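Asks: Listed here are the chains, written in short residue letters.
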Amino acid sequence: MTEKGKKTDASASENMPEMKTKFETLSGIPLKSLYTPKDISDLDYDKDIGIPGEYPFLRGVHSTMYRGRLWTMRQFAGFGSAEETNHRYKYLLNHGETGLSVAFDYPTLYGYDTDHPLARGEFGKCGVAISSLKDMEILFSGIHVDKITTSMTINGPAAIVWGFYIANAENRGIDRRVIGGTIQNDILKEYIAQKSYIFPPEPSMRLIVDTFEFGSKEVPCWNTISISGYHIREAGSTAVQELAFTLGDGLEYVRWAVKRGLKIDDFAPRLSFFFNAHNDFFEEIAKYRAARRIWAKELKALGAKKPRSLLMRFHTQTAGCTLTAQQPEINIVRVTMQALAAVLGGTQSLHTNSMDEALALPSEKAVRIALRTQQIIAEESGVTNTIDPLGGSYYVEWLTDKMENETYKYFDRVEKLGGVIPAIEKGFFQREIAEAAYKYQKETDENKRFIVGVNKYKMDEPVEIPILKMDEKGEERQINRLKKLRKDRDNAKFERNLGRLRKAAEGDENLMPYILDCVHSYATLGETCGVLREVFGEYKEPAIY
Amino acid sequence: MEKKIRVLIAKPGLDGHDRGAKIVARALRDAGMEVIYTGLHQTAEMIVETAVQEDVDVIGLSLLSGAHMTLFRDVTKLLKEKGMGDVLVVGGGIIPEEDIPALKKAGVAGCFGPGTTCEDIVEFIKKNVKR
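Heads up: the sequence lines are chains A and B, in that order. So for the first sequence, this note's numbering puts the first residue at 468; every next one is plus one. So for the second sequence, this note's numbering puts the first residue at 24; every next one is plus one.
Honestly, the hints are just simulated from the structure, not real lab data. Since the structure is predicted, the reported quantities are computational estimates derived from the model, not experimental observations. Do not rely on the hints blindly, as some may be mistaken.
[Unchecked claim] Lysine-lysine pairs mimicking DSS-like chemistry, simulated, CA-CA at most 27 angstroms apart:
id: 1; chain 1: A; residue 1: 940; chain 2: B; residue 2: 100
id: 2; chain 1: A; residue 1: 909; chain 2: B; residue 2: 27
id: 3; chain 1: A; residue 1: 936; chain 2: B; residue 2: 128
id: 4; chain 1: A; residue 1: 925; chain 2: B; residue 2: 149
id: 5; chain 1: B; residue 1: 100; chain 2: A; residue 2: 936
id: 6; chain 1: A; residue 1: 906; chain 2: B; residue 2: 27
id: 7; chain 1: A; residue 1: 915; chain 2: B; residue 2: 149
id: 8; chain 1: A; residue 1: 940; chain 2: B; residue 2: 127
id: 9; chain 1: A; residue 1: 499; chain 2: A; residue 2: 915
id: 10; chain 1: A; residue 1: 940; chain 2: A; residue 2: 487
id: 11; chain 1: A; residue 1: 909; chain 2: B; residue 2: 150
id: 12; chain 1: A; residue 1: 925; chain 2: B; residue 2: 150
id: 13; chain 1: A; residue 1: 906; chain 2: B; residue 2: 149
id: 14; chain 1: A; residue 1: 936; chain 2: B; residue 2: 127
id: 15; chain 1: B; residue 1: 150; chain 2: A; residue 2: 923
id: 16; chain 1: A; residue 1: 909; chain 2: B; residue 2: 149
id: 17; chain 1: A; residue 1: 906; chain 2: B; residue 2: 150
id: 18; chain 1: A; residue 1: 940; chain 2: B; residue 2: 128
id: 19; chain 1: B; residue 1: 153; chain 2: B; residue 2: 128
id: 20; chain 1: A; residue 1: 487; chain 2: A; residue 2: 950
id: 21; chain 1: B; residue 1: 127; chain 2: A; residue 2: 925
id: 22; chain 1: B; residue 1: 149; chain 2: B; residue 2: 105
id: 23; chain 1: B; residue 1: 153; chain 2: B; residue 2: 127
[As the list claims (entries may be wrong)] To spell it out: a stretch of chain B is covered by chain A in this simulated footprint if at least three of its residues, at any positions, have a beta carbon under 8 angstroms from a beta carbon of chain A; those stretches are:
id: 24; region: 34-40
id: 25; region: 43-51
id: 26; region: 89-95
id: 27; region: 131-144
Think of the CB as a built atom: it goes at the ideal place given N, C-alpha and C, for glycine as much as any other residue.
With the hints as extra help, turn the sequences into a complete structure.
Replies: What follows is the structure in structure tokens.
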């Protein structure tokens, strides 16, 4: 630095001292004002960073990235009845969406039919109600399931709902070998954060490994799991916790599958991931980059040989918990920045939240703007021209490395507790997340953290935003459809298939073929899941806060 | 010595979003109240039963699934049937503005949406608790 430069710097710190004594990422990683080559001097470019499409895949999973193919624009959607949601899917596809993503209502997520007593008040409220193959047929009517890929956020009863999707395609003459998509099927994060679990860990893990095995042989274009950090983050975790707990869960699935006798290179290429895009722009980008490198290293260490087995391919959703009910239009700006972080982080697929989601399910207009946000990033911003444009930034590389190190610290802590499932049973993850969530809220309440429109730049004016209205007749229609289905189907065949599933569940065969037989004979979700509930029992969590 | 306010934080229905419920439970405890948390997946009957057993002054219902119009009102109805209509009931979650008048009419005294501070909830409870 020249003498002149030094002088300017000195007078600047005198006249403009830093506004805070401590600067840190949203996750609490302390930051310096400037990063230089010294901060990454222990990184070896070829070994630690490398090029996209090659080990350790830090810079991207494909060699051409968005020059070869854009991310899939996949808006998570579902409400009311299958008819209404089918209409929304067509609307989104007409506006340029390139993949589908199904949100199910709570009864469906817990494996109950719409007419179950515990479904009271929940029909179609935060997703679409799917109680049988019949509903799935309506949900995808007029949609080319052989051409478009579909992601389904379903966990406890994932095997059964996947069965509906496969059976629907087959009934339409489409080979199960050509259909593509994803089932979330990630039960560990349900116990940890999202809490839509049904069975205890052991049988849940068995069902998941069943889907890995069945998928690798029978439905080869399907991602049989989407190992999810999104919900962990929404429950209040830090970025580091999201990264560490998610990858830790992923490795746990691999161990269970290997223990079953599956060959790692047969199923690992179909493991996919799902991360959150929160507010701290660079921290989020570092998170995605670190995730790729850690996953590649760990899978290699576990003996994976195929390059595809090492790829941490992921979907991203912008952070729902950052949306404000106050001045909802400004959420468009938040979502834009979060979406940009996901793209700069190399996501394979993206959901952008709608501005009105802190108030209700999104209206058509709100969801269209959310989709347009992705389209602007893709078509106008120029960020797709160059792969991993932030690679090599002293700060980003340092932060990526830092997040990786912090992740390994969590891996060690979980191992000391006996592994992922014992740590869940001890409430470790749940407590870590609750602590972080409480700290975040407290800092906001005490104005140590600002949220525009909430504790800074507030306005006292009523929120005027149209709220989505659902068809009030939907529930009645659905219940009548269920009644008719139970009357019209071949009930002898249905009983026989349910009996065979029960017997198989009591043994140790792969349950997917039995589930598909039940589904094809129009057993409902509640009936099929009910059999498994009887055999496997239900999980109850300790209520801690 | 002044009697501590006893609060039941409850998660009715199938909704698993418990971030808010846990934060509020903790904030109320830190504010000097006695807090009981039901855990997830409670029916209205279970919540009211716990409220009776624990002799609470306040019930805080948390729901983000959109089923509040049914489930919150199930709880207030049952409370009245059990002669516990004087328990202060408050709710939190994703609750559209237009649903609030009907909930108030049904006996949900306060609704707290995203952006609420814990302090707002503490103050509301202290001011409105009847028992």
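Asks: Which hint numbers does the structure go against, in order from smallest to largest?
Replies: Per hint list: 10, 20 violated.
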